[in-house]
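Undergrad: Each protein sequence line maps, in turn, to chains A and D.
Note that the first sequence ends on residue 513 in this note's numbering; no numbers are left out.
Note that the second sequence ends on residue 687 in this note's numbering; no numbers are left out.
You may find that some hints are simply not true.
Stated by the list, open to error - Computed list of chain D residues with no C-beta within reach of chain A, every gap over 12 Å:
#: 1; residue: 575
#: 2; residue: 581
#: 3; residue: 582
#: 4; residue: 591
#: 5; residue: 616
#: 6; residue: 622
#: 7; residue: 625
#: 8; residue: 629
#: 9; residue: 650
#: 10; residue: 664
Claimed, not checked - Have a look at the derived ranges for each label pair, beta carbon to beta carbon:
#: 11; chain 1: D; residue 1: 625; chain 2: A; residue 2: 344; range: 57 to 65 Å
#: 12; chain 1: D; residue 1: 673; chain 2: A; residue 2: 438; range: 25 to 33 Å
#: 13; chain 1: D; residue 1: 600; chain 2: A; residue 2: 438; range: 23 to 31 Å
#: 14; chain 1: A; residue 1: 61; chain 2: D; residue 2: 625; range: 41 to 49 Å
Said to hold, decoys possible - Some chain D residues judged to face chain A by a derived CB distance under 10 Å, without partners named:
#: 15; residue: 584
#: 16; residue: 585
#: 17; residue: 637
#: 18; residue: 651
#: 19; residue: 658
Everything labelled a hint here was simulated from the structure, so no lab data went into it.
Quick caveat, the model's predicted, so the values are computed rather than measured.
Just so you know, even glycine gets a beta-carbon here, dropped at the ideal spot from N, CA and C.
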Amino acid sequence: MSTGAIVPGREHVGPLELDTDVVIVGSGAAGSVVGALLQEAGQNVVLVEEGPHVPPEVYGKFRVSEHLRHMWRDSALTLTNPVGDSPAINVMMGRCVGGSSLLTGGVCFRTPEAVLHEWVTEHGLSDLSPEQMAPAFEEVEKVSHISAVPESMRSGSTRVYDEGATKRGHPLKPNRRNTRDCVGQGRCNFGCPHGRKMSVDLTYLPRAIRSGAQVFSDCLVEKIVIRNGRAVGVTGHVLNGRDGRRGGTLTVHARRVIVAASAWHTPILLLRSGVGRESGMVGRNLTLHPSFRVMAVFDRPIHGWIGALQSAYSDAFEKNGFTLMSVFAPPGVLAATMPGVGEEHARRAREIPYMAMMGGLIHDEGGGRVRPAIGREPFVTYRMSPKDRATVTELLTVLAEDFFAAGAREVVLPVLGEAPFTADRFRSYPLDKVPARRFECGSQHPLGSARMGVRPGHSVVDPDGQTWDVKELFVVDGSIFPTSLGVNPQLTVMAMATRLGWKLRERPLPKVW
Amino acid sequence: MPQTGTSGTPLTTPSPPPGRNALTTRPAPAPALTFHVRPPSGRHRIALRVLRAFCEALFSTRDGPPPKDRLDWLIGELDDYITCAGWRSGGIYKLGLVATNFIAPLFIGTLVPLWSLPIEARVRALTKMEHSPLAVVVLGLRTIICITWYDHPDSQREICYTGGTLLPVDGAQA
Numbered sequence: 001m002s003t004g005a006i007v008p009g010r011e012h013v014g015p016l017e018l019d020t021d022v023v024i025v026g027s028g029a030a031g032s033v034v035g036a037l038l039q040e041a042g043q044n045v046v047l048v049e050e051g052p053h054v055p056p057e058v059y060g061k062f063r064v065s066e067h068l069r070h071m072w073r074d075s076a077l078t079l080t081n082p083v084g085d086s087p088a089i090n091v092m093m094g095r096c097v098g099g100s101s102l103l104t105g106g107v108c109f110r111t112p113e114a115v116l117h118e119w120v121t122e123h124g125l126s127d128l129s130p131e132q133m134a135p136a137f138e139e140v141e142k143v144s145h146i147s148a149v150p151e152s153m154r155s156g157s158t159r160v161y162d163e164g165a166t167k168r169g170h171p172l173k174p175n176r177r178n179t180r181d182c183v184g185q186g187r188c189n190f191g192c193p194h195g196r197k198m199s200v201d202l203t204y205l206p207r208a209i210r211s212g213a214q215v216f217s218d219c220l221v222e223k224i225v226i227r228n229g230r231a232v233g234v235t236g237h238v239l240n241g242r243d244g245r246r247g248g249t250l251t252v253h254a255r256r257v258i259v260a261a262s263a264w265h266t267p268i269l270l271l272r273s274g275v276g277r278e279s280g281m282v283g284r285n286l287t288l289h290p291s292f293r294v295m296a297v298f299d300r301p302i303h304g305w306i307g308a309l310q311s312a313y314s315d316a317f318e319k320n321g322f323t324l325m326s327v328f329a330p331p332g333v334l335a336a337t338m339p340g341v342g343e344e345h346a347r348r349a350r351e352i353p354y355m356a357m358m359g360g361l362i363h364d365e366g367g368g369r370v371r372p373a374i375g376r377e378p379f380v381t382y383r384m385s386p387k388d389r390a391t392v393t394e395l396l397t398v399l400a401e402d403f404f405a406a407g408a409r410e411v412v413l414p415v416l417g418e419a420p421f422t423a424d425r426f427r428s429y430p431l432d433k434v435p436a437r438r439f440e441c442g443s444q445h446p447l448g449s450a451r452m453g454v455r456p457g458h459s460v461v462d463p464d465g466q467t468w469d470v471k472e473l474f475v476v477d478g479s480i481f482p483t484s485l486g487v488n489p490q491l492t493v494m495a496m497a498t499r500l501g502w503k504l505r506e507r508p509l510p511k512v513w
Numbered sequence: 514m515p516q517t518g519t520s521g522t523p524l525t526t527p528s529p530p531p532g533r534n535a536l537t538t539r540p541a542p543a544p545a546l547t548f549h550v551r552p553p554s555g556r557h558r559i560a561l562r563v564l565r566a567f568c569e570a571l572f573s574t575r576d577g578p579p580p581k582d583r584l585d586w587l588i589g590e591l592d593d594y595i596t597c598a599g600w601r602s603g604g605i606y607k608l609g610l611v612a613t614n615f616i617a618p619l620f621i622g623t624l625v626p627l628w629s630l631p632i633e634a635r636v637r638a639l640t641k642m643e644h645s646p647l648a649v650v651v652l653g654l655r656t657i658i659c660i661t662w663y664d665h666p667d668s669q670r671e672i673c674y675t676g677g678t679l680l681p682v683d684g685a686q687a
């Protein structure tokens, strides 16, 4: 088997059988970090990824719709099933070598100290104090080139929102992002055309490969092989051709199994392998950071697509349960979310150069659950808590009023079927009475469906990431978070993976399969 | 056998900085740099017929329906999109299309399917459905349609979308 390359399963004919020290399921922000650390420590690592390998020079040229259909899970059509007064949430995740790190806006927050304190005091995870996590954050920040976005890189959309927010007493702060020499193309979510976003396919994966790790794309892991209470490998299928039809069988014999398949698929893999059924905690406690955006129409051109995509944020409402985040979207997304068919649609689309956009995410309480379903994808339900529903009203009010303070003529709320609002109409609109199912809501941050804890009955993995009921089976991705964060989780995912990777490289491998 | 320097100590080769050239490239989906019309896959005939009716209405203006060549290109791209989405998500999308074909006309008091209605009637039906409790279905359908439609340079020109960067790239003017 060749090394130093990513082996595409889509071209592999027949069964694929491998022997290794460590197999890692998933090549995203967590799997790549652990893969690089363990391979550099001398352990033989095989990384298997369900999605295709799309090199930067190819995805950098993709049009938006091509990026969605080739690199996003379900071609970005994933929806949660709402329970109670909840919206159907469009959850966006990567399905490619490098995972969702290729889809982020590059925003990197350290975990808020209040969240880490909660994990220490309420969940008993004493290793996760801010002081003990600091070295892991520093390591990832160095490797991923994380730095503050200068104000000069802000888009017209962010600048105009900041005018209003400053007038109302909560000016934006610069975001920190994993970019190097960003030129402000404004399409980080769809693959940087210039390779300036330091996603893991440009940082950790090359390191892992240079050290000898083998990476296989288009390989679907369906089951963890467990023998005498110990994980000894994984099985699944190679996915052939452009449409990923099931090809030959995949078998990887390993002395240690590490799962990094995201909060969406890690619990499914565990449940299908019979792991964690007794605790009943696998798949529960899913949080999503439900996100909402408000658009505003101005009388002057804004050209919001020019500049760094997510350059600024505000934590002024942290205690209220939401974070404001600058963002912009491609014209097709903007046009889709404004109501109107025919001439009405054309008229609104011509206003796009005059539009600004701002978003916000809810620090949610966790009403999601992931269950196995027919086919590869899980059945996911999400119940928004009454507290979070009330926070949505507050968030949208802050966003709209900030835009009006900046001089917006009207705002477009994420309420299905509603025409744009003037300030007067907005202030008399009963936003708190709108059923949540009428909100247009997205999420890029599924977390917490196989959470870490100190007691088997209340968690899926122990503080070292090992599952309570199967030895040598570790989970290292965002599914182990005990709660949501209230901020973009990329840096926390990578720092947690770094911390666990450091522990794993010191932990002797079992001698035989 | 490691190379050694004059002092006998191993020569350490500085590792190349992480970057786009560090990965070996392999065949991958090729971007459609040209805007040719894809041949139909033949898999989603009914869904694509509804899509065409939906798109003709959505992108019609006072001057009539959108140009046929651009509509053909759009339908070809959406055909590929549905295929890539997989059986479940693609299937739900197709189900949404077929449901809209029969439900949207009910909002204007007719049982004639959307694809058989004149464009003006389709616009009225979809507008009403968009303001109903079924708005989420229309939003789901039109999102993928609009994202693809505005990928086309002619559509971008029509709304004065320029793309571009804040800073020059590789010596070129932004």
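Undergrad: Would you mind marking each hint as holding or not holding in the structure?
TA: Results of checking the hints against the structure:
1. Chain A draws residue 575 of chain D into its interface by the beta-carbon criterion, the shortest separation being 6 Å against a cut-off of 12 Å.
2. With a minimum CB-CB distance of about 17 Å to chain A, residue 581 of chain D clears the 12 Å threshold, and the non-interface call stands.
3. The Cβ of residue 582 of chain D sits about 17 Å from the closest Cβ of chain A, beyond the 12 Å cut-off, so the non-interface label holds.
4. The Cβ of residue 591 of chain D does not lie farther than 12 Å from every Cβ of chain A; its closest approach is about 9 Å, which violates its non-interface assignment.
5. Remark: the non-interface label on residue 616 of chain D is consistent with the geometry, its nearest Cβ contact in chain A lying 15 Å away (cut-off 12 Å).
6. Separation of residue 622 of chain D from chain A is adequate, the least Cβ-Cβ distance of about 17 Å exceeding the 12 Å criterion.
7. Its beta-carbon lying about 18 Å from the closest one in chain A, residue 625 of chain D satisfies the requirement of being farther than 12 Å from that chain.
8. Once the 12 Å rule is applied to beta carbons, residue 629 of chain D is consistent with being away from chain A; the minimum gap is 17 Å.
9. The Cβ of residue 650 of chain D sits about 10 Å from the closest Cβ of chain A, inside the 12 Å cut-off, so the non-interface label is violated.
10. A cut-off of 12 Å between C-beta atoms contradicts the statement that residue 664 of chain D is not in contact with chain A; the least separation is 4 Å.
11. At about 22 Å, the beta-carbon gap between residue 625 of chain D and residue 344 of chain A misses the expected band of 57 to 65 Å.
12. In this structure the hint that residue 673 of chain D and residue 438 of chain A lie 25 to 33 Å apart at CB holds, the actual value being about 31 Å.
13. Range check, residue 600 of chain D to residue 438 of chain A: about 29 Å between beta-carbon atoms, so the 23 to 31 Å window is met.
14. Taken as a hint, the range 41 to 49 Å holds for the pair residue 61 of chain A and residue 625 of chain D, whose Cβ atoms sit roughly 43 Å apart.
15. Annotation: interface hint on residue 584 of chain D violated; nearest CB of chain A at approximately 14 Å, more than 10 Å.
16. Because the beta carbon of residue 585 of chain D sits about 16 Å from the nearest beta carbon in chain A, more than 10 Å, this interface hint is broken.
17. The interface hint given for residue 637 of chain D is met, as the beta carbon of that residue sits about 8 Å from the closest beta carbon of chain A, less than 10 Å.
18. For the restraint placing residue 651 of chain D at the interface with chain A, the shortest Cβ-Cβ distance is roughly 8 Å, inside the 10 Å limit, so the hint holds.
19. For residue 658 of chain D, the interface hint holds, since its Cβ comes within 10 Å of a Cβ in chain A; the closest pair sits about 7 Å apart.
The earlier numbered hints that this structure contradicts are 1, 4, 9, 10, 11, 15 and 16.
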